[in-house]
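*Asks:* Protein chains in written order, with numbering that gives the first Met the number 0: chain A, 0 to 334; chain B, 0 to 334; chain C, 0 to 356; chain D, 0 to 356.
Fair warning: there could be bad hints in the mix.
With beta-carbon atoms standing in for the labels, derived distance ranges [as the list claims (entries may be wrong)]:
hint : chain 1 : residue 1 : chain 2 : residue 2 : range
1    : A       : Tyr188    : D       : Thr19     : 38 to 44 Å
2    : C       : Leu343    : A       : Met314    : 41 to 47 Å
3    : C       : Gly150    : D       : Phe6      : 33 to 39 Å
It is worth saying that the hints were derived from the structure and are not from the lab.
The C-beta atom is built at its ideal place from N, Cα and C for all residues, glycine as well.
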Amino acid sequence: MSAVAKDAAPAAITLIEAITQALAYEMRADDSVVVLGEDVGVNGGVFRATAGLHAEFGSQRVIDTPLDETTIAGLTVGMAAQGMKPVAEAQFDGFVYPMLDHVICHGARFRYRTRGRLSCPMVLRVPWGGGIRAPEHHSEANEALFTNVPGLRVVLPSSPARAYGLLLAAIREPDPVIFMEPKRIYRQYKELVPDDGEALPLDVCFVLRDGTDVTLVTWGAQVKETLEAADALAKDGISAEVIDVATLTPLDFDTIAESVAKTGRCVIVHEAPKTAGFGGEIAARLAEECMYDLLAPVERVTGYDTHIPLFRLEMKYLPSVEKIVAAAKRTVAAG
Amino acid sequence: MSAVAKDAAPAAITLIEAITQALAYEMRADDSVVVLGEDVGVNGGVFRATAGLHAEFGSQRVIDTPLDETTIAGLTVGMAAQGMKPVAEAQFDGFVYPMLDHVICHGARFRYRTRGRLSCPMVLRVPWGGGIRAPEHHSEANEALFTNVPGLRVVLPSSPARAYGLLLAAIREPDPVIFMEPKRIYRQYKELVPDDGEALPLDVCFVLRDGTDVTLVTWGAQVKETLEAADALAKDGISAEVIDVATLTPLDFDTIAESVAKTGRCVIVHEAPKTAGFGGEIAARLAEECMYDLLAPVERVTGYDTHIPLFRLEMKYLPSVEKIVAAAKRTVAAG
Amino acid sequence: MTVAATFEIEYLQYLGPDGTLVAELPPQAPSAADILPLFKQMLLVRTFDAKAIALQRTGKLGTYAACLGHEATHVGIGASMRPEDVFAPSYREYGAQFMRGVKPRDVLMYWGGDERGNDFSGPKHDFPWCVPIATQCLHAAGAALAFKLRGEDRVAVTCCGDGGSSKTDTYAAINSAGAYALPFIQCIINNGWAISVPRKAQTGAKTLAQKGLAGGLHCLQVDGNDLFAVLEGMRRAMERARSGGGGSVIEFMTYRLHDHTTADDARRYRDEAEVKDGWTRDPMTRLRTWLTAQGVWDEAQEKAWIEECGQMVDVEINAYLESKVQPVEAMFDYLYADPPADLLAQRAAAIALEKRS
Amino acid sequence: MTVAATFEIEYLQYLGPDGTLVAELPPQAPSAADILPLFKQMLLVRTFDAKAIALQRTGKLGTYAACLGHEATHVGIGASMRPEDVFAPSYREYGAQFMRGVKPRDVLMYWGGDERGNDFSGPKHDFPWCVPIATQCLHAAGAALAFKLRGEDRVAVTCCGDGGSSKTDTYAAINSAGAYALPFIQCIINNGWAISVPRKAQTGAKTLAQKGLAGGLHCLQVDGNDLFAVLEGMRRAMERARSGGGGSVIEFMTYRLHDHTTADDARRYRDEAEVKDGWTRDPMTRLRTWLTAQGVWDEAQEKAWIEECGQMVDVEINAYLESKVQPVEAMFDYLYADPPADLLAQRAAAIALEKRS
Ligand SMILES: Cc1ncc(C[n+]2csc(CCOP(=O)(O)OP(=O)(O)O)c2C)c(N)n1
Ligand SMILES: Cc1ncc(C[n+]2csc(CCOP(=O)(O)OP(=O)(O)O)c2C)c(N)n1
Ligand SMILES: [Mg+2]
Ligand SMILES: [Mg+2]
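Isolated chain A (complex conformation) (with noise of 0.2 Å):
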């Protein structure tokens, strides 16, 4: 319950609690913030992301739906229209599909198609990823189904103080915000994430580590194996830089040119299949706007293109440290 706390003294919280912490934050100071999905209320949401919520907040605040996707994307899509900042969950990301239509042919048009007249300012949140051992569809790295769809953003935080400033600043943006949550991490470690509300900038790369011979970039999830393979490069005399897009679309890809203008190699890590994940738009931009930068190939580390196994064999479908490492060291052997 500290999460939802008041004056609670800070705390080293995890991402989970982060986004607890930003959640009851933005509901504090903002009437017209609501919380709506499928066992968000009294359960407090199956990962706990919005446990205490309700006991604070109330059932008019903290809204348990009725156990149906096309519902909870539609009261969003409609309350946000009317003046309300809804932040729906989507319990899985495998279980996003049946929200699309609700929130690519009217969320993310409303603004577009009225003039301006109207405007959907909601958050879907949707635990995002695999590596959980959970059972069939509660893996998937589907951020692809939304990067194409103009006037959306897409957010993936990958620390607790990202998922803070992240989503209060998701929360808080005009137009509608797919907010992906790396499940995997949600509980790995904590860090000091002070409740002062103070969003971070949705349209911004981080830049976690400097470097010099080779760019990583990455999000959710994958910042940890991607940390650790530039610890082990490191190792090897390679100094790696890592990037945390956390901001998908709209994409700054200026902090992502900048490092690879200067380390002239480029590793792409995500656990989303291949073939036309997120990587290719980055690599895109680099064949485009960068090749005179660039020493070596283009690298991508990715999920296989194929479904993420059932968890018996989930982890050898996600990138991992050796193949990110491997990978690193082809673009610095190249060139």
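Knowing the structure of chain A, use the given hints to seat chains B, C and D with the ligands on it.
*Replies:* Coordinates of chains B, C and D with the ligands only, in the frame set by chain A:
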């Protein structure tokens, strides 16, 4: 009706007539093929793709559905898993979103999920793209919804002959195929398409024109503008090779790579929004695999990162000959 | 036999096709004098509709969805709402929207391929036209949920067709309206056809009104060509919604006298005889007969009014025809409140391209 | 008042919670001797369930969805089907599946994170477990449509929960089954909870059975803890389906005696008192009492049988525990009938990586 008459003398037909011809051919050849969708029956489809089929095959084979895309997709998947070969129609690209859940979670997974016990030999036909002065949601180029999904094949023909051959292949394919039809060129021109039941391969790109200076890669309706751009470039002494990707996934990258190895330059043309459009994947592959062949940065000529406007402005949104020519010339000027 | 539940769905009809009353008017029925402006409104709608079709036929409008035959239902729905209520239409209910301040020119702009039609002159909170069938129903439910959470005395009204009643969104709207006891009215406008698919092919349900039972809503079927029945049905549903009694589903039985849209040719799938029969239940004729019998309307008045309607509509048409196409940057300017840098670069490039060509 | 339609939903219950008959058994009810194997099956299911939970608690299984309390419903559904019928389960109806030949080891493989569980020993045409709620209902409707088009005498049976009855897919399945008059049975297994959301929060509908009215299906509510009621309800629906009478919706009133899954802690949201009360309606107890009263069952038999069940389940558990993990290439090998070249290259790379590490 001629398109479904069995012994009609071969006549030049349009792309949409080639679709009808392929459907009729395969329905005659294979009893398990059925067609379903909204208005596909007596009405023959809003684009007339199923014109005459109801008269020839009856309501047991040509099935009007209740007005619900979830229904169409779910029934299709269920029927396909039980030994039928349903060819479902989404009336327009903008109505495909409620179909995604069944297509992605089930159609693309039945074989994988059951280790081959069940499968899903379905085709989803989707009239695709803009430029016909239609109402809202009748003009989307949303192939990127499908290209990051393992287990699907995404096909987009661009001529009557390729529409015929690729649709036959799609229906015969034992796994699900998303068959997107460039509605802007449904009736653009006619060509002789013998009703010989010959399928075209689903794993190759088609080189429509040989060239030496720049490779223009495109699909769907933009093949028209791209060929015209090649003509215009030829007048300026620039020899453009034109590739119709046709099957986006699984991608035949080899054909593209070979061409770029020869020309050293590549312009990718598509009407979907640029960011995270499928063009990004092709550019990424070039950055990864063909960097040393590239004489100039890759260019993309695409829709803008906004929704295709209603029809008063839509042509300004779409790639034009002028934009393609300019991009190709930039690549030539660059190196 | 133990019975778990029983249900009964009422049917309302007062004014029969021949213009005489088939049942006593409800106590709350408007007087002839009060009905008259609504009849005039119906005539205005019909005038507009005919002119819009003509515009399309002469290439001056894109695809247009006519509302011929739906006037009593549409106008009755519009007349039953307050400005602060929210309306979530499909793409056909101009008659309801005109009563809320939407102008014919807005309709024409929309079907003329210009987004500004959706920035219409009606209530700023009303939803725009909605092409993806029945998705608007869930938006209305979301609006109703917002009203309930904020304690506002407002009702969300939405329309879908007989085809739309098959759409899962309609069920979702109905079910959530029931689950949250929302101030919500689902109008199902049963005009017999969903493009080429007849009502009976949509569902095995005997009535479309009974779709509401799946969500525990109050269900009612009314003669949608009888303005009195429309008004009484809406009155009951509004009263229930405003008094915290929750949502309703009303099925309006009407008939699509025109093609589905101007892009459709109904002769492919629909008997001329059926259409002829549809005309015998025309909502205008019966109301005209009744009003004339009541002595508040006559041929001369009708002629004068129709002329006036024509002039009013022509003003609107001219406003539409004279409207300038939006500049190319309009496709960028309304996407985000705070447009990202890359998009602004694309915008600049598009403008530059315009200038060049 | 003119009535457009009336509906009545029957409730079936024969064997009350105390094990005595509350109504005369239907003529088609099985004899005590014929019921006995089903009771034994229920005991087997319960034994399996307890052992599966224990396996999960000791880290030898992933998340598992228990079926404690659902045995009469599940076994009754399974017993009512023919092998050639198709079953489209959710993720909980092992009791029905075991009767169709699915083995406990298949269930364990699935929840143990191995796709081979879905290549189960049951009918090759049955659908696999389905995680996206209620999507299986539409697959069953699709199967039923295939049966109807091919003129096969087969019925498609599908299950969803009380939560699943809110899902738009369920409505879509019901509506299409009605529109095409399909041989289709929608079982709604109302166990009171959808994870933490109680039945009453799902919908304003008085019964879940009435969801079927929206599609014009026959609707029935039965006591899902009374095997006789389950069998009779299914018998009627099967007869209707086989005779071309179309689809049915049956709501089975039961209770989830366990947490939602082993990943859930129901104490967060559910009163212990309610669970205690749930146990008073346990489907096993009442049937045991009745069978004992009929003189076909006694404590000794039960003891012996439960021991036998334990042994049978242990064999299955061992088969599961001893199963080898699939090789890495398994994630590539079942994606396409005809795998594309790039995928084969990824497959080769994955195998190479395996060999290296
Ligand atoms: C989701 C979706 N699918 C298909 C269409 C194409 N379409 C437009 S109108 C229509 C029929 C609608 O019929 P009905 O709901 O009865 O309303 P009516 O047009 O008769 O008023 C169809 C299929 C659409 N607009 N949206
Ligand atoms: C589309 C979808 N949304 C959410 C979930 C997560 N989830 C799994 S089971 C469940 C509750 C199901 O309740 P009910 O339908 O009553 O069936 P029960 O588990 O009680 O048998 C939820 C929300 C899911 N599996 N699929
Ligand atoms: Mg209709
Ligand atoms: Mg339940």
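*Asks:* A separate judgement is required for each hint: does it hold in the structure or not?
*Replies:* How the hints compare with the structure:
1. Tyr188/A / Thr19/D: 38 to 44 Å: 60 Å, violated
2. Leu343/C / Met314/A: 41 to 47 Å: For leucine 343/C and methionine 314/A the Cβ distance comes to about 42 Å; the hint holds.
3. Gly150/C / Phe6/D: 33 to 39 Å: 35 Å, holds
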